[in-house]
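Protein chains: 2
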Amino acid sequence: MSHDLAVARAATLRPIAAVAEAAGIPVEALEPYGKHIAKLDAGYLAGLKDRPDGKLVLVTAINPTPAGEGKTTTTVGLGDGLNRIGKRTVIALREPSLGPVFGTKGGATGGGRAQVLPMEAINLHFTGDFHAITSAHNLLAALVDNHVYWGNALGIDTRRIVWRRVLDMNDRALRAIVNGLGGGGNGFAREDGFDITVASEVMACFCLADDLADLEARLARIVVAYTREKKPVTAGQLNAAGAMTALLKDAIKPNLVQTIEGSPALIHGGPFANIAHGCNSVIATRTALKLGDYVVTEAGFGADLGAEKFFDIKCRKAGLKPDAAVIVATVRALKMNGGVAKADLARENLEALRAGIVNLGRHVENVRAFGVPVVVAINHFTTDTEAEHRLIADICRDEFGVEAVQCRHWAEGAAGAEELARKVVALCEGGTAHFQPIYADGLSLQGKILSIATRIYRADDIAVAPKAAADLKAFEAAGYGHLPVCMAKTQYSFSADPALLGAPTGHTVPVREVRLAAGAGFVVAICGEIMTMPGLPKLPAAEAIHVSEEGLIEGLF
Amino acid sequence: MSHDLAVARAATLRPIAAVAEAAGIPVEALEPYGKHIAKLDAGYLAGLKDRPDGKLVLVTAINPTPAGEGKTTTTVGLGDGLNRIGKRTVIALREPSLGPVFGTKGGATGGGRAQVLPMEAINLHFTGDFHAITSAHNLLAALVDNHVYWGNALGIDTRRIVWRRVLDMNDRALRAIVNGLGGGGNGFAREDGFDITVASEVMACFCLADDLADLEARLARIVVAYTREKKPVTAGQLNAAGAMTALLKDAIKPNLVQTIEGSPALIHGGPFANIAHGCNSVIATRTALKLGDYVVTEAGFGADLGAEKFFDIKCRKAGLKPDAAVIVATVRALKMNGGVAKADLARENLEALRAGIVNLGRHVENVRAFGVPVVVAINHFTTDTEAEHRLIADICRDEFGVEAVQCRHWAEGAAGAEELARKVVALCEGGTAHFQPIYADGLSLQGKILSIATRIYRADDIAVAPKAAADLKAFEAAGYGHLPVCMAKTQYSFSADPALLGAPTGHTVPVREVRLAAGAGFVVAICGEIMTMPGLPKLPAAEAIHVSEEGLIEGLF
Numbered sequence: 001m002s003h004d005l006a007v008a009r010a011a012t013l014r015p016i017a018a019v020a021e022a023a024g025i026p027v028e029a030l031e032p033y034g035k036h037i038a039k040l041d042a043g044y045l046a047g048l049k050d051r052p053d054g055k056l057v058l059v060t061a062i063n064p065t066p067a068g069e070g071k072t073t074t075t076v077g078l079g080d081g082l083n084r085i086g087k088r089t090v091i092a093l094r095e096p097s098l099g100p101v102f103g104t105k106g107g108a109t110g111g112g113r114a115q116v117l118p119m120e121a122i123n124l125h126f127t128g129d130f131h132a133i134t135s136a137h138n139l140l141a142a143l144v145d146n147h148v149y150w151g152n153a154l155g156i157d158t159r160r161i162v163w164r165r166v167l168d169m170n171d172r173a174l175r176a177i178v179n180g181l182g183g184g185g186n187g188f189a190r191e192d193g194f195d196i197t198v199a200s201e202v203m204a205c206f207c208l209a210d211d212l213a214d215l216e217a218r219l220a221r222i223v224v225a226y227t228r229e230k231k232p233v234t235a236g237q238l239n240a241a242g243a244m245t246a247l248l249k250d251a252i253k254p255n256l257v258q259t260i261e262g263s264p265a266l267i268h269g270g271p272f273a274n275i276a277h278g279c280n281s282v283i284a285t286r287t288a289l290k291l292g293d294y295v296v297t298e299a300g301f302g303a304d305l306g307a308e309k310f311f312d313i314k315c316r317k318a319g320l321k322p323d324a325a326v327i328v329a330t331v332r333a334l335k336m337n338g339g340v341a342k343a344d345l346a347r348e349n350l351e352a353l354r355a356g357i358v359n360l361g362r363h364v365e366n367v368r369a370f371g372v373p374v375v376v377a378i379n380h381f382t383t384d385t386e387a388e389h390r391l392i393a394d395i396c397r398d399e400f401g402v403e404a405v406q407c408r409h410w411a412e413g414a415a416g417a418e419e420l421a422r423k424v425v426a427l428c429e430g431g432t433a434h435f436q437p438i439y440a441d442g443l444s445l446q447g448k449i450l451s452i453a454t455r456i457y458r459a460d461d462i463a464v465a466p467k468a469a470a471d472l473k474a475f476e477a478a479g480y481g482h483l484p485v486c487m488a489k490t491q492y493s494f495s496a497d498p499a500l501l502g503a504p505t506g507h508t509v510p511v512r513e514v515r516l517a518a519g520a521g522f523v524v525a526i527c528g529e530i531m532t533m534p535g536l537p538k539l540p541a542a543e544a545i546h547v548s549e550e551g552l553i554e555g556l557f
Numbered sequence: 001m002s003h004d005l006a007v008a009r010a011a012t013l014r015p016i017a018a019v020a021e022a023a024g025i026p027v028e029a030l031e032p033y034g035k036h037i038a039k040l041d042a043g044y045l046a047g048l049k050d051r052p053d054g055k056l057v058l059v060t061a062i063n064p065t066p067a068g069e070g071k072t073t074t075t076v077g078l079g080d081g082l083n084r085i086g087k088r089t090v091i092a093l094r095e096p097s098l099g100p101v102f103g104t105k106g107g108a109t110g111g112g113r114a115q116v117l118p119m120e121a122i123n124l125h126f127t128g129d130f131h132a133i134t135s136a137h138n139l140l141a142a143l144v145d146n147h148v149y150w151g152n153a154l155g156i157d158t159r160r161i162v163w164r165r166v167l168d169m170n171d172r173a174l175r176a177i178v179n180g181l182g183g184g185g186n187g188f189a190r191e192d193g194f195d196i197t198v199a200s201e202v203m204a205c206f207c208l209a210d211d212l213a214d215l216e217a218r219l220a221r222i223v224v225a226y227t228r229e230k231k232p233v234t235a236g237q238l239n240a241a242g243a244m245t246a247l248l249k250d251a252i253k254p255n256l257v258q259t260i261e262g263s264p265a266l267i268h269g270g271p272f273a274n275i276a277h278g279c280n281s282v283i284a285t286r287t288a289l290k291l292g293d294y295v296v297t298e299a300g301f302g303a304d305l306g307a308e309k310f311f312d313i314k315c316r317k318a319g320l321k322p323d324a325a326v327i328v329a330t331v332r333a334l335k336m337n338g339g340v341a342k343a344d345l346a347r348e349n350l351e352a353l354r355a356g357i358v359n360l361g362r363h364v365e366n367v368r369a370f371g372v373p374v375v376v377a378i379n380h381f382t383t384d385t386e387a388e389h390r391l392i393a394d395i396c397r398d399e400f401g402v403e404a405v406q407c408r409h410w411a412e413g414a415a416g417a418e419e420l421a422r423k424v425v426a427l428c429e430g431g432t433a434h435f436q437p438i439y440a441d442g443l444s445l446q447g448k449i450l451s452i453a454t455r456i457y458r459a460d461d462i463a464v465a466p467k468a469a470a471d472l473k474a475f476e477a478a479g480y481g482h483l484p485v486c487m488a489k490t491q492y493s494f495s496a497d498p499a500l501l502g503a504p505t506g507h508t509v510p511v512r513e514v515r516l517a518a519g520a521g522f523v524v525a526i527c528g529e530i531m532t533m534p535g536l537p538k539l540p541a542a543e544a545i546h547v548s549e550e551g552l553i554e555g556l557f
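Quick note, the sequences are listed as chains A and B, same order.
Under my numbering, the letters of the first sequence match residues 1 to 557, in that order.
Under my numbering, the letters of the second sequence match residues 1 to 557, in that order.
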């Protein structure tokens, strides 16, 4: 059994009502899902509106590497650490996607003594939110083809249907299909395909919605197809938004669980961090801010993608004002950024560390450019050396002007994140945050892309494909120019080339294609190849997953 | 607002713990899903094993017509009626499928004062069981294509992959597709398609399994493809059964809800009644038998399909011994069987009634052929006349030798089904049941089909397509000859022609195709066109479904 699973199994979970009570949530506000998970009642949520907000802390990271950074683990550990030092703290996380669980071994609920529980339930169906999103998405798809089948009164051009279907499964065979085969009774044959559910625009709408009414309005705005005259056709014109909203009526309520140390965590929503914005729902974050004096939340991938979108899309649109950010790094990942192969990471290598730490330095600068004060968390691994940690601390202090704190929450739980928690409190209480997005709403769409590329990715320029440039103009002409842009770029590099680690400069960001997400409220700029339906590996984790005679799920970690 | 919805809204639901307590279920055995739904804990279920069984009553019906018979309504009403006269009764029902909810207006939770609640939740996602089945099914599909992609060690012939994909959605565009398009990275292009989730063999396995271990064994036996040498490839060979079982670990626990009158109801599983056996899970029925002195359950479609499969597949395999059966009919549906058009049903027509009642008479004979005593329930409609009811009662008594009881549970709840309840108790206590399947395990597969066709459908013969006949021989040679057969035939007629109402004779049943369901444990015989993925109508119910400002789902009824 893995260490993470052993720790999870050894933990004693409190009844969810006790977790809620400790967070000041009355038991009547709970809609339980089993004994250790509950949704929060809509009426209760509405009643929180006039309470003051707590402090908002974002956990982000350097560019991800195969070495692992531990962003979720640090988010959980920091939340536990804040509670340990007497700050009433609520954690807000994304829900894991079911598909990847069966691909590459590993869940998405933290690790060691910094986990959210019950991990099996959270990693599998949880409260069914993603299934509800899948259903709502595919209902709209069925209504599109059904409309065409029954006479196509709206004049949809079947070559220009842009609403694909989704499954929460890693299934490469469904990436590109032809549907409607088999004769006239099955409709009109056309090209189609499936994305994984986290890539659904319904997921993005769900995560940015203020409430159920706003969700319905967003869903109605989704563009599903174009006519031969290239006029958009929306979900609203198909009368689909009401039924989609009905399918999401329970899903929209945030899910309450606990960490191993008993901290309350709201886990809700989980949009892709490439073609979507990659953070948990606005509803969960706002609820957490009403319940906690501190809220610790995370964003997907590294800070170039995750934090940028958290700030420029989620915070801008939801009116959130982050008070501090934590940038997570590991000795191992910094050495990889410095050119060390994965097999050699266990050996001390101060030179490589010095070469790779430029990646961290740039992320620190970037986050500060949004007016958010930063602390660095170095997530401790057993192979790290004292000299390596000392070097990071020195460079951070002397060259980046930021404090780097060693964290041992994986091994020690809340105690291991206590120092980080104290630094975060000092940052928040220092009142130095003056959050602002990196670009203004009024800038042109291409100007917004250029702004992110040059100021965050440090590119010299962008190269927008002619069709993409024309589409951006068309979006502006159609009244979408005020939307923020959502960059879909490799997570492994500041550039669009996944092999360029460290802090590359002099590159150009190619904008291959742009897509309008009118419901979510952003324009997606696709820079390079972006996979929206993963495949399974040669030896899928699924082959080792089973239920033991004692009724326990084995093989999830 | 519809009458059904108004009644449902006016009902005061008891907390699910109170419903459980009344059924003798301790609160510790509950895994709540919201306030009014709970799953029953696996440990508690295991502990019931040595209790004696209650009486088992099947509710079935004449062949369905557009007039409506009210089988679910009568099942609920009878359960309430039995509780009203002091018999501790548990109702066991199928879970509704999500797809059809958005097609033709109407849920599947009964009507009037004979409903199971909360109807919105039951009709939409409920406890996620069907989503779990969808995920398990599609995981297996992804693993099949992934196996081929990574070298195809088992030698799967991609032209002979028989495992399609599923969605719980009415979506005709997905009936026939080509997948794996778009280049080498997406796999090998091949023909594929989607069925609705209720048609999944995973659903049939789920509903026939004794427990989680038996479910895993069944899943492992599923044949997903054949090699070029026509050797079967199973889910077990793909190491898929363990992960599929993990996905179904919670779903397998039966769901407890309540009727408007407060009777406990277990709603669990819902296989198609054409290519599968059409009744709720064996686990739910067995649990109900341990909890109630009486259990009222239903089977899909009319008695020619539903009751026959309930007896020959479910009862045979699970060792259940039904004590009585109720055959539901309405004045309107009998008149339709006698040739009256739907628009003319409100007018008294004794002649048509006399012509159409032969359908009922034959179902009565058929059910008795299984050794199960019968009572007829005439589900009262407001347009019925006294003379019509008298005629039915007379013919039933004088010509069919069976009692016909007028029921008013739709309007009056338990009180309206009290007389039916007393008749059912008398039948059960009479001890005249001596259940036996209509054919023996040892009969050849073709002999079993012939037996059902001649004894139940009253056909002169069957016409088995040459390929189907060869396949049946091959199934026998491969050791599957002992399995029961599952007939996939139109539900509208005893014959394979949906237009032949009443009690046709002299017909021949065509067996177009046969399929092995090795996991479920039956051989499907397809007689005529069987649709396994419905489409949406021109004006889908989805267009009228929405959430009101008060947070209530409108348009589901």
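Hint data in this document are derived by calculation from the structure and do not stem from the laboratory.
You may find that some hints are simply not true.
Said to hold, decoys possible - Mimicking DSSO-like on lysine-lysine, the simulated pairs with C-alpha atoms at most 27 Å apart in a straight line are:
| # | chain 1 | residue 1 | chain 2 | residue 2 |
| --- | --- | --- | --- | --- |
| 1 | B | Lys-35 | A | Lys-538 |
| 2 | B | Lys-467 | B | Lys-49 |
| 3 | A | Lys-249 | A | Lys-290 |
| 4 | B | Lys-538 | B | Lys-231 |
| 5 | B | Lys-87 | B | Lys-321 |
| 6 | A | Lys-35 | B | Lys-35 |
| 7 | A | Lys-230 | B | Lys-467 |
| 8 | A | Lys-290 | B | Lys-49 |
| 9 | B | Lys-231 | B | Lys-49 |
| 10 | B | Lys-317 | A | Lys-538 |
| 11 | B | Lys-290 | B | Lys-321 |
| 12 | A | Lys-249 | B | Lys-249 |
| 13 | B | Lys-467 | A | Lys-35 |
| 14 | A | Lys-249 | A | Lys-342 |
| 15 | A | Lys-317 | A | Lys-473 |
| 16 | A | Lys-249 | B | Lys-473 |
| 17 | B | Lys-35 | B | Lys-290 |
| 18 | B | Lys-423 | B | Lys-230 |
| 19 | B | Lys-290 | A | Lys-231 |
| 20 | B | Lys-35 | A | Lys-249 |
| 21 | B | Lys-249 | A | Lys-35 |
| 22 | B | Lys-35 | A | Lys-49 |
| 23 | B | Lys-473 | A | Lys-35 |
| 24 | B | Lys-423 | B | Lys-290 |
| 25 | A | Lys-538 | A | Lys-230 |
| 26 | A | Lys-538 | B | Lys-230 |
| 27 | B | Lys-317 | B | Lys-249 |
| 28 | B | Lys-49 | B | Lys-249 |
Now the hints, each set against the structure:
no.: 1; hint: Lys-35(B) <-> Lys-538(A); result: 44 Å, violated
no.: 2; hint: Lys-467(B) <-> Lys-49(B); result: 45 Å, violated
no.: 3; hint: Lys-249(A) <-> Lys-290(A); result: 22 Å, holds
no.: 4; hint: Lys-538(B) <-> Lys-231(B); result: 44 Å, violated
no.: 5; hint: Lys-87(B) <-> Lys-321(B); result: 19 Å, holds
no.: 6; hint: Lys-35(A) <-> Lys-35(B); result: 12 Å, holds
no.: 7; hint: Lys-230(A) <-> Lys-467(B); result: 49 Å, violated
no.: 8; hint: Lys-290(A) <-> Lys-49(B); result: 48 Å, violated
no.: 9; hint: Lys-231(B) <-> Lys-49(B); result: 39 Å, violated
no.: 10; hint: Lys-317(B) <-> Lys-538(A); result: 38 Å, violated
no.: 11; hint: Lys-290(B) <-> Lys-321(B); result: 14 Å, holds
no.: 12; hint: Lys-249(A) <-> Lys-249(B); result: 25 Å, holds
no.: 13; hint: Lys-467(B) <-> Lys-35(A); result: 53 Å, violated
no.: 14; hint: Lys-249(A) <-> Lys-342(A); result: 45 Å, violated
no.: 15; hint: Lys-317(A) <-> Lys-473(A); result: 22 Å, holds
no.: 16; hint: Lys-249(A) <-> Lys-473(B); result: 51 Å, violated
no.: 17; hint: Lys-35(B) <-> Lys-290(B); result: 24 Å, holds
no.: 18; hint: Lys-423(B) <-> Lys-230(B); result: 54 Å, violated
no.: 19; hint: Lys-290(B) <-> Lys-231(A); result: 61 Å, violated
no.: 20; hint: Lys-35(B) <-> Lys-249(A); result: 16 Å, holds
no.: 21; hint: Lys-249(B) <-> Lys-35(A); result: 16 Å, holds
no.: 22; hint: Lys-35(B) <-> Lys-49(A); result: 24 Å, holds
no.: 23; hint: Lys-473(B) <-> Lys-35(A); result: 51 Å, violated
no.: 24; hint: Lys-423(B) <-> Lys-290(B); result: 22 Å, holds
no.: 25; hint: Lys-538(A) <-> Lys-230(A); result: 42 Å, violated
no.: 26; hint: Lys-538(A) <-> Lys-230(B); result: 25 Å, holds
no.: 27; hint: Lys-317(B) <-> Lys-249(B); result: 22 Å, holds
no.: 28; hint: Lys-49(B) <-> Lys-249(B); result: 19 Å, holds
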